[in-house]
Structure formats: C-alpha cells, structure tokens
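S.K.: If you read the protein sequences in the order shown, they are chains R and Z.
Here the numbering used here is used: the first residue of the first sequence is 11, the next is one more, and so on.
Here the numbering used here is used: the first residue of the second sequence is 78, the next is one more, and so on.
It should be emphasised that the hints constitute simulated quantities derived from the structure, not laboratory data.
Glycine residues also receive a C-beta, built at the ideal position from the N, C-alpha and C atoms.
Take the hints with a grain of salt, since some may be wrong.
[What the hints assert, rightly or not] Cβ pair distances, simulated, as ranges:
(1) A290(Z) to S13(R): 38 to 46 Å
(2) G104(Z) to V24(R): 47 to 55 Å
(3) I80(R) to V555(Z): 47 to 55 Å
(4) A547(Z) to I80(R): 45 to 53 Å
(5) G105(R) to P548(Z): 37 to 45 Å
(6) P37(R) to L566(Z): 41 to 49 Å
(7) T104(R) to R110(Z): 55 to 63 Å
Letter by letter, the chains look like this.
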Amino acid sequence: MISTTTLFGLSSVVLVGLGLFGLIVDPQPLRKILAFNLLGGGVFLLFGVIARRGAGAGLNSDPVPQALVITGLVVAFAATALAVALLLRLFQETGQAMTLDTEDPASHAPARSNDP
Amino acid sequence: MMQDPSNLLVLALVLPVAGLLLTLVVGGRYAGRIALWLMPVGLAVAVMLVISVIRADDALVYYLGGWMPPLGVALRADGLSAIFILTTVAVIGATGIFARAEFRTPPGQPETRTSLTFWALLLALWGALNLVFLSNDLFSLFVALELLTFSAIPLVCLEGSAKTLAAALRYLLFALFGSVLYLLGAVLLYGAYGTLDIGLLADRVRPEPVAWAAAALMTVGLMTKTALFPLHFWLPPAHAGAPAAASAVLSALVIKASLFLIVRLWFDVMPALMNPTAAQVLATLGAAAILFGSVLALRQARLKLLIAYSTVAQIGYLFLIFPLIVRPESVAFAAADLSSELAAAVVSTSAWSGGVLQAVSHAFAKAAMFMAAGLIAQSLGHDRIADLSSIGRALPITVLAFALAGMSLMGLPPSGGFAAKWLLLTATIETGQWWWALVILGGGLLTGGYLFRVLAPALFGSRESVVLRAPVARYREVVVLALALCSVLLGFVRLGAFDLVQIGRLAKAGMGLP
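Excised from the complex, chain Z in its bound form:
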C-alpha cells in the first residue's frame, strides 16, 4: 500500500473516522483506549506524510474513486497541509494522554455519558481537522467546517451548566452565520466559474465583481469562525467554560482550521484577487485583535478567561502575514530588476515561514497553557488570578510549563514564538511597512504584561505554603511540560526546514502581482 504515498491522505482521514465508529459501537468503557491506541498510528501517518511531501517536492494528490475534477473530488496535501496535520495529531495526542485521568471509566463502575462524548468528539474533531487540511474542493471544505463545528460545540458544554450551554449556543450561532456566508460565496463562485475545485478555480477566477463578492462573503464567514476581532465575542466564554482538555484543542487547533482556509482562499483559490488594499484591511483587523485582545486579557480576573483573550490577541499576528506577502505596490514596482525580484521572493518566504511558525508554536503553547490552568484549577478548586500566590511552590512543573509557553507567546528568545515574530519583523522592515513592526513589538509587551500578572505572584508570592485540594498526577504535568517545550524548541528548528511551507503551492507567494 505504501507504494503510492497518496494513500496516506486517505489513511489520515479513515483512521479517526474508523475510531469514532468503533467507539460508538463498543461504548464509552473502551473509548479512551481506542483513541489512545489510534493516536500513535496517526502520528506515524502524519510523519510519513511530511516525509513523502518533502521527498516528492510536490503536493500529493488523491482522486476519490479515480475520478478527476471537475467531475470528481480530489484530496491534496501540500507542505502547508502536512505541517498542520502533524501539529494536529501531536496536540490531540497530548490532549488524549492528559484527559485520560478525567474522562476514563474506572473498572466496575457504570460508564458515563461524558466519557463517551469526550472521546468520540475528540476523534471526530481530529478527522474533521484532517479533512479541512486535505480537501481540495470548496464544498468538501464546507462539509469539513461543519463537521468541525458540530464536534467542537458539544465539547464546550460537556459540563452542562447553564453558563457553558449559553456559551455553546452563542458559539453555534456565530459558527452557523460563518458557514452560511462561506457557502453563499462558494455558490456564487460555482455560478460564475462552473467548478468548486481549488485547482481549476485558481485558473478561472478573474478580478470582477462576482469574485469580489464571493471573496468578501467567504472571508467574513471564516473570520467569524476564527474569532478575528471584531467577531471574537463568542470565543472567551466558550473556550474558558470548556473542560481544560477541550479548551486546549479548541484554542490550539479548531480556530486555526478556518484561518488555514482564509489563507488557502486568498493565496490558492483566488491569487488573481489578492491586492494590497485587501491585505491591509485584513492586517488592520489583525492589529486591532492584538491590541484589544491583549488589553482585555490584562483586565481579566480569571486565569482561563485571560488565556482565552490571549488567543484572541495571538490570532491577530496570523493576519499580519497578508500585507507582508503581498507587498504594497510602491515596493512591488520598485522591484523592477531581477535581483530585487529575487530579494522580494525571499521576503515573502520569511513572512510565510513566520506565519506558519506562529500558528504552530501558538498551538503548542496555548494547549500547554490551558492544560496548566486546568491543573491549577483542579488542585486549588478555583482559577482566580488574585489568589494564585505561591502556587509555583506547590506545582513547580505546571507553573514552569506555563512560564515556558508564555515565553513563546511573548516572543522571548529562543522560543518558537520568538523565531516567528522575528521573521515577521524582518519581513515588515524589508517591505518597508514599519507600522506593523510597532504592532508586533507592542503586542509582545502587552503579552508580557498579562503573563507577568499571573507569573509574578505565582513564583514570588509571599505565602508560606499552599494547601492543595486535590493532588495532581505527575504524568499530566509532564504532558503539559512537553507541549510547552515543543513550543520553545520550535525556535531551534532550522529555518530552512520551513521551505516545506512552499512545497506544492499553486501560485507562488505574491507572484500574482505585476
């Protein structure tokens, strides 16, 4: 079977779905075991996928049933998809190990509905994310997004209290608004160009009113699902109310899926439409998200809400890549001769690498932070920031993990967040857009501010001893630490490795411009 590496794409989708069906058949007692057995296999598949994409130096394509587009539907994995699939399985695997204590059925006791729901939804989430990263067809992507929403929303209200139910319903209404707008855009594109296949659309889309309308509708729809400012209202209550393991996956991965689609849309589906004005608008919203999210995070009294607002802020960085990849026209026209054209290509590559590195390191860091907050809340019985004094003495590993993850969010060297923000800063300077550099630096300072509010009393509090309400299992602390370390160690990845991002891209970055 491994003769043809494109079979890996099918395997990446079949594994979680098969696990989900098996879970529903055998029931909640074995659900955790099935999920935890599948995750190493999924990790192996993801690693093989990355290796195959690098070895082929091109995207892997699988035609379902052997039918080629426009009649059939294709799965396609380029470098970007491969990176996201690997990140997904790593974070979901760590979440699975972390959640084992919370959602298992002890022998001799009746199985609980929460346990079955959690594991089934975790597998569903994994499958839906892989489908988002692999689909090459706007309608399959719609279905994938809906699957993702439907598996994410019950995770928000696993606890079943009125507050989490209201958060889940609000999340669902925002998500449905987003997906209908996305679908409307896709319908308009089909009406104008007669296909939904990304590869065919890339050739056919012209800069004309119908394409503009479709792009605007789809972007706003996906922005709603990504919780980009000013459409972020649903995120903090939803992510802060979910159980720690669920918040970790929601904040680290689920919002990245719709972000991935925005990137795919603008750079792969409609490269002809990408222009500096649109890019500046997206980045302005991103900058506003960084500032508002960070300031609101500074004002929160609860640790989980602080982390949720920090997600709102960190999403903003990912939208800064648009104007850095698509240069303003003055710069583009200045790049008249071949050598500076080459230099421009290098710049856009560093923006790409910075954006992807930011997404991946944020995924690891945010998962680690939510899990650390979960452990703290579990052991203290609350997560009020004001009462976290000296918690570092009682839970040294957890607080260390929180601090390391925070280091990556702030962008302190040598973390992954530092490398990402450094690449973005380099790109802002090289494209002559210094105002975005100010936003990146200001955001870093604000991030440092809200993390200091948590870490300073936690590490240097005056209380002599902290009474823990419940002990914390050592292996759970180690999982959190491992995630935080991943986020930091990403800073050491040889930056050349992120050329993987460029493999199999339909339109080379920024090349759609004169």
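With the rest of the complex left out, here is chain R:
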C-alpha cells in the first residue's frame, strides 16, 4: 500500500511527463500553452509533495514551498495570459492559429528577401 504522499509524487511525475511531451511534440501553439500548464501543474504538485515530506520541526508541513508555489502559480498564470493574448492577436492578423511555421524566416533554406 503506497502512502498518499507517494501517490501525489507519482501523479506529479506523470503530469510533468505529459506536459513535456506535449510542449515538445505538439505543433499547435494553443496545445503547447496547455501542455505548459500541465507541466507547471506537475512541478507545483511536486513542490507540494516535497513540502509534505520535508516537514520538520513539528510543523504539519514545510511552509516555504507553499509560499513559493503561490508565487509560481501567479507567474505561470501571467505567462499563460501573455501567450494567449499573443496567440489571439496572431489569429486576428492571419486568420489561423494552428501553426507557427508559416512565417518562419529561420528556415534553413537560403533566406529569401521579404521586402517589396
């Protein structure tokens, strides 16, 4: 029988794995943003597990990771908001938001000149 802490730890590993896979493999920007949130969730959960496991000095749990997780959540939220705002704007400009590759000037083919 595994303890709750271990269970949460394993879930965080799964979340991190899924998030990393999505962020690297999926070509769609919106899915990449969602994968980033999954990955972030996994990291925060892991931090929570560490707080629980590392609780010493008679406390129920270590308060430092909890404080840091709150800050981390705020940062991740801001990052998501910025990413979604950029994606929406890109959609308004181009009418499609499924890929970032259409406008890629960094392609390895000899660069073409884009100026009129």
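Start from chain R and add chain Z according to the hints.
M.R.: Chain Z in isolation, oriented as in the chain R frame:
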C-alpha cells in the same frame, strides 16, 4: 545612506522599478524623459557599486528585512555581478538615447501606445537584469528570469505584424519551456537539500543522482533561454524582427542573463558537481554554435538576420570557458606540486577574464551592429545585403561603427574581442586542449567572411551615389559609434583589472577538483 555600500544593491533594483511605476502613472508623454533621466543615476550607482566591490575586495551582501538565509533572502554582488550591472546600464543608456527619436511623443500630438510600451519595457528589462545579477536565491532568480522574459517578449512584437507576433510567441514558448525546467531543477534541489540560498547550497550539494538531475534540468532550461545551439531556433526571427533599439538590448543583454546563471550554477551553486565531462559537453555545444551560427550567417540575405545568426555564433565562445576553467583530469593530476598548481590557477584566471571580456565586448559590439543596421534600414527602406552597395559614402559614421564592431567580433587587434579571444586561446594552449583553439580560430575566419560580405560592397561599391529615403540624425550615428568604440577600447583595459571577476567568488575556479 552611503555609509553602507550594500545599500547600493537595493538602489540598483529600486531605480528602474520606481521609474517603471512612475511611467505607468504619468503616461507615455513623459516616459522617455523619465527613462533618460534615470539612466545617468543608474550609471552612477553602477560605477559606485564597482568601486565599492573593488574597495571591499569582497562581495557586497544585503539581507532583505535583515533576515538571514535560510529564513530570509539575500542580495549579493560579487565582481562578476558588478561588471554585468555596469555593462547593462551602459548599453541600456545608449539604447535610450538612440531610441529617443523613434519612440517620442511630439508635443501637440496624442501619445502612442508603442512609445509607452517601449519605455516601460526598457525600464522593466533593466530592473529584471539587475535582479538576475544580484539575486542570491534560486527562486528569486526564477522570478527575475520570468520578469526578464515578460519584458523582452512584447519588445519583439512592438511592430505588431503577423511575422513578429509569430516570432514573439515562439520565443515565449521556448522561454517558458526553459523556465519550467529551471524551476523543476530548483524544486529538486530544495527537496534534497532544504534550501534555495546559493551560499548554503554550495556547501550542501553532493555529487549524487538528484543533484545531477537538477543540474541537467536547470542547464538545459537556461540553455534554451540563452539560445545555445541546438536550441537557437527562436532567436533569429525574434531578434531580427524587433525594432533596432529593442534588438540591440535583446541580443546584447537579455541572452547574457541566462548565460550568467549557467556560470553561477556550475561554479557557485554546485562546484562539487563540475567535472571535465560536463565541461566538454557544454563546450562541444558551444563549438557547434560557433560553426553553425557563422555558416548560417554567411547565407543570410538580410542584414538583421545576419547579425542575429552572428549572435548565435558568438554565444558559443562563452561556453568554451567551461573546459578551460575545469581542466581535464590528466592536466589536473599533472599539477601535483605547488608551483604548477599556481600556474593552473593563472590559466583558469585567463579563461575567466577571456570569457567575461568576450561577454562584455560582444554586448557593446552587437548593440552597435543592430543599431547601425537599424539606421541603414531606416535610411534605405530595406536591409537587403545585396543592395547595400556604396552605403559607406552616404552613411560614413554608421558604416564605420559597423566595421569597428565587426572588428571586435572577428577578434582583430586591438579590440576587446581580440583580447578576449587571445585570453581564451592562451588558456586552450596552456591546458593542452588545442582542439578548442582550432574552433576559436575557425570561428574568427567565418566571422570575417560574413562581415566581409556586408562591408566590401558597402565600402567599395561601384555605385556613384546612394539616394537616402530618410535622413539620419547625427547624434544617433554618434551613439552607435560610441558603443562600437567601447567594444574596441575594451582591448586596452589593463588585463589586471579583470581580477575584479574573481572578487567574492564562492569557490575559486577549478578548485573543486582533486
């Protein structure tokens, strides 16, 4: 207040942030003026910081709220931080003067959003960079990196076209990937050692699996943000698409912040983990960056993209310092007696100085090049390299500045780039790693190649006269020239002055090894 020099650390952070808040309150009309007034003050603070660090001959430390770690959070400025803070304020100040014409609100006209955004973000960038250089806590560093990302990304897409928006979004996704990996590493370190303070971690970290995993995650995360090959794909479109003033700051400073953290991580946080294999891997990636970046720069048709790929290449040099500071074991064991131990210390010092000099001179040179490209693009209406013929006649000062900055990148004497590459070469020979010397020399040749492609037609083109679409203000040309001259004059800095690099280092270079 100046009784205690550690107050300078707080001042270096409060100045840009206060300016940013003030800008948001009073609006875009005065934004440029606020920023330009703050920058001389910031320069004075940075100079005083450097002097205080030299005078104290030790790192300056400030405990926030008087709480000591592990309970509190500390700010710490050693010689390395002081150098980077001074470079930052110099480049950002020059950018501010350069950008005044582009992002000001003329009297009697409604203020534009672009103007407010640019100045607010420039101040935010400055504050975030100072926070990266001063933080002494892995979580504060995470927050600082995120602040830096959030202020850098809107600068990429100030223009608002679909192409720059896509570049910004791609940059953001790469940066977020990097910061989550960094955070995961920091969480693992906290779980294993119960602290995030750099000083405490340095004592506690042991070479064991959890520390290795954390180091690998954090290094890959930071490499993504530094755009080290093979994670460089986001950089060229992002840096080439931004307005010239923004590209200058992004290419000169922002990528150096995460590089600074990699150095801090390996030499200050986990000196116990540093070993020749890891160092060789990092340097191999650096060497690949030099070669691929230079070759791709050779093939670009647009001036700004060429400069952006040149950044990818120049970053590579900075990763060559790792194996030069951490010698291969054969050399380390050969250094058995005291005198050769002393000689080894001298070698690692020259690698350190070379690396820092490369970072600083690249910052000035690259800022000058992007601004010069911006002036050329503004006056011609395009930046196609094929059509730059005879531009040297129309914009002599700009092209001179471009050439001087290029001289520093190539490593021609007497520039800062020459001194840096000379120090690195000396270190490769003295540590018996001649293969890195080949990379340094080959990279210099390739750099010469792609700059020749631009400069030869620009200076010796056959066209009689060039019609400029828009005139270029003389003071903007002078700013660009001043930056390029800074990069060249760094070659004359007495090399002893770069002992400043060693002040306040937690673990002396390479001393963690047997």
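S.K.: Each hint needs a verdict: does it hold in this structure or not?
M.R.: Evaluation of the provided hints:
1. As the Cβ distance of A290(Z) to S13(R) is approximately 22 Å, the hint placing it in 38 to 46 Å is violated.
2. A beta carbon spacing of about 48 Å between G104(Z) and V24(R) agrees with the range 47 to 55 Å that was offered as a hint.
3. Range check, I80(R) to V555(Z): Cβ separation about 49 Å, and the 47 to 55 Å hint holds.
4. Taking the beta carbon of each, A547(Z) and I80(R) are about 50 Å apart, inside 45 to 53 Å as hinted.
5. The hint said 37 to 45 Å for the Cβ distance between G105(R) and P548(Z), and at roughly 38 Å that hint holds.
6. For P37(R) paired with L566(Z), a C-beta distance near 47 Å keeps the hint of 41 to 49 Å intact.
7. Between T104(R) and R110(Z), the C-beta spacing of about 37 Å breaks the proposed range 55 to 63 Å.
Consistency with the previously given hints fails for numbers 1, 7, ordered from lowest to highest.
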